[in-house]
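**Q** All chains, please: the whole structure from these sequences, using the hints.
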Amino acid sequence: MALDKLAGENSLLFIRSEQLFDWARRRSLWYMAFGIACCAIEGLMHASGPRFDFDRHGVFFRASPRQADVMIVAGTVNHKMAATVRRLYDQMPEPKWVIAMGACANTGGPFREYPNVVLGVDKIVPVDVYIPGCPPRPESVQYGFFQLMDKISEQTEGRLAARHGNSR
Amino acid sequence: MRPDTATVDRFLSHAGVSDVEIDSASMLGVVCRVAPAQTKQMLCALKGEGDGFDFLVDLFGIDTGEAVDVVYHLRSFSRDEEIYVKVALPYGADLASVWEIHPAALMPERECAEMFGLTLSGHPNPKHLLLTKGSRPALLKSERIRTAEEVRDR
Amino acid sequence: MTDPRHLAGHAGWLTPNPPHQVDFVPTSLTRAPTGVDTFDTERMVLNMGPQHPSTHGVLRLLIEMDGEEVVAAEAVAGYLHRGIEKLAEHRRYNAVGTLMDRGDYMSGIHNELAFALAAEKLMEVEVPRRAQWLRVLMSEINRIASHLVWYGTFGLDTGAMGQFLYAVRDREVLLDILEDVTGQRMMFNYVRPGGVVADITTSAVDKIQAFLATIDMYLDEHDALLGGNEIFQARTRGIGVLDKETATAFGLTGANLRASGLGFDVRRDRPYAAYDEMRFSVPVAEEGDCYARYLVRMGELRQAVAMVRQCIDGLPEGEHTAKVAKVLRPPAGEAYAAVESPRGELGVHLVSDGTEHPYRMRYRPPALYALQAAEAILPGTMIADVVVILGSVDVVLGEIDR
Chain A
1 MALDKLAGEN SLLFIRSEQL FDWARRRSLW YMAFGIACCA IEGLMHASGP
51 RFDFDRHGVF FRASPRQADV MIVAGTVNHK MAATVRRLYD QMPEPKWVIA
101 MGACANTGGP FREYPNVVLG VDKIVPVDVY IPGCPPRPES VQYGFFQLMD
151 KISEQTEGRL AARHGNSR
Chain B
169 MRPDTATVDR FLSHAGVSDV EIDSASMLGV VCRVAPAQTK QMLCALKGEG
219 DGFDFLVDLF GIDTGEAVDV VYHLRSFSRD EEIYVKVALP YGADLASVWE
269 IHPAALMPER ECAEMFGLTL SGHPNPKHLL LTKGSRPALL KSERIRTAEE
319 VRDR
Chain C
323 MTDPRHLAGH AGWLTPNPPH QVDFVPTSLT RAPTGVDTFD TERMVLNMGP
373 QHPSTHGVLR LLIEMDGEEV VAAEAVAGYL HRGIEKLAEH RRYNAVGTLM
423 DRGDYMSGIH NELAFALAAE KLMEVEVPRR AQWLRVLMSE INRIASHLVW
473 YGTFGLDTGA MGQFLYAVRD REVLLDILED VTGQRMMFNY VRPGGVVADI
523 TTSAVDKIQA FLATIDMYLD EHDALLGGNE IFQARTRGIG VLDKETATAF
573 GLTGANLRAS GLGFDVRRDR PYAAYDEMRF SVPVAEEGDC YARYLVRMGE
623 LRQAVAMVRQ CIDGLPEGEH TAKVAKVLRP PAGEAYAAVE SPRGELGVHL
673 VSDGTEHPYR MRYRPPALYA LQAAEAILPG TMIADVVVIL GSVDVVLGEI
723 DR
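Quick note, the sequences are listed as chains A, B and C, same order.
168 is the number that the working numbering gives the last residue of the first sequence; the numbers go up by one with no jumps.
322 is the number that the working numbering gives the last residue of the second sequence; the numbers go up by one with no jumps.
724 is the number that the working numbering gives the last residue of the third sequence; the numbers go up by one with no jumps.
These are calculated hints, taken from the structure and not from any lab test.
Each hint should be verified, as a subset may be incorrect.
Each computed DSS-like pair below joins lysine-lysine, with the alpha-carbon atoms no more than 27 Å apart [claimed, not checked]:
hint, chain 1, residue 1, chain 2, residue 2
1, B, K208, C, K648
2, C, K645, B, K215
3, B, K301, A, K123
4, B, K215, B, K309
5, B, K295, B, K309
6, A, K151, A, K123
Among the chain C residues that face chain B by a calculated CB cut under 10 Å, a handful are [claimed, not checked]:
hint, residue
7, V398
8, H403
9, A571
10, R592
11, P638
12, H642
13, E656
All residues carry an ideal CB built from backbone N, CA and C; glycine is no exception.
**A** Structure, rendered in structure tokens:
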């Protein structure tokens, strides 16, 4: 929804604040530059590189968790790392989303049998989108971000519908 | 590549190290086996004075089922030769640090000690390197990995 | 109201009067101005990582500083420890490559190759000549891809941004080639004991030819963009000097060792695969600083391109793999095989007990030794140079922690 196309010059546009925020949030999903392992090369480095250029979807990296909307868990999380992942998640401001990228973040991947490895990052933080692959291609990560955008708008619509139902 | 036993003998006799079992038939190369108490003396002897095995390629352990074999893989750039020193330590024994002879041993020693449940002595920073404090020594053969059932019902 | 304690510590600017005798105190001040005549600074411990944009992964550094100068530094590893050595004892020989790939994830081909060489030494398998050449070809392509990541991120560490995008641009082309041949962009599982898993495709040859047509120009561009930059040189020349003695004492290998003046290269001095048939030189620098490490790696990139050219021109005909059993059972014994990975000497010490699983696999991580060498030279440097030094030795945490 591009606002300038909908509304001409000197015109008024009525929109629910939720919808406006929703529109803004979906178009600027800034992820935290937090690469754990191999997936970081594909999902963070090549994603921001010239071929895939996630910036055109408003997806860009921030170095600090306090400025980030999305955490891409890109790699194996072990017991030493788990506390840090949780702490970083807690430091992110609301609203926040988590993408579990790759087999390791989903289930433990090829290292799931090692007792030191956490069996999926959803044991530590709530996950919104799971991306399979080892490592997933940058296209998969891109698709994951589209799924997350859809999910955000669905949540907004769901909230609006619920409130509408209540007021009636 | 592979030193002849005469060279090794010369290094050892020069420093007065005895009771060394030298196996030069191994596929690995020349492997010297010494008692734990003699490790430092042995490494010093092999290091020599500028012409010996002064480069520590690697340090690691092998759980043989009866003891932990600590392997020192040494190289000499000037001679272009490599040699292995093996020390059998009982489980839970003390791994004496050799960082004064080979500073390269600092981190591998920490790893070896935690992975095989050895204690580390004479080390400036004898903390765990990879695992968190209180973890089980993972590389011992007695340590199990997760079974397929445990992984499935995660 | 004045608290005389504030004055007591900074008697220097108030001399000759001792603090308790001072009768003139400006009443508007609740606290006396601190003296600036000395640089008596407090010590401070700074924690960097494991989430830090310039630590190249999940490395954690504890730095004790006096002002901007580092007094003591400790590198804390283990945030990516996932038991490659342990899990290898529970995998079949053909499947260990899957784990090895994910160790040093920048250069998977080298990791697989090291393991395959060790297994072949135990089994005494004769690898066909074409497979040897394909191994060299893919190794060198992987080396260029890995060095490009290093080049891009090292520039980021020194404060530049543009070269990163150019490095990724060239890397995409290389990943296309690797994907064409091996089927994966990063985790190849291509080199197996006995040979390689698939022959090179004609489309991959075309892609390599197209790549070779432009890469020399691009390498000149890279060299001018970063190495020719005055700011970059100011940030790296004379910084992080590792002399020959320190480098050998801490077990440094590879490009880092060659930048310190010791020209040991596993490819030349312990030839494996088809490196004894290749014509290449080994770049060596004497200074041992960050700029020397940059020069050596850029020199290696050109040598790697030359080797890719030789491989494409002279690729021998034949089989791409030897006839080996589906389930490998090497005879009991021990073998050590090393390859020259982009980070140094990557060794695999393999112990077999005659069963289908390795008894013990030791993965010699070159980056671990590079990390402890870097840790040792950090005291005495400035805080701004810490990331430059760490970036220059090229650490990959997947390999340090395994």
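**Q** Hints numbered earlier in the text: which of these fail when held up against the supplied structure?
**A** 1, 2, 4, 11, 12
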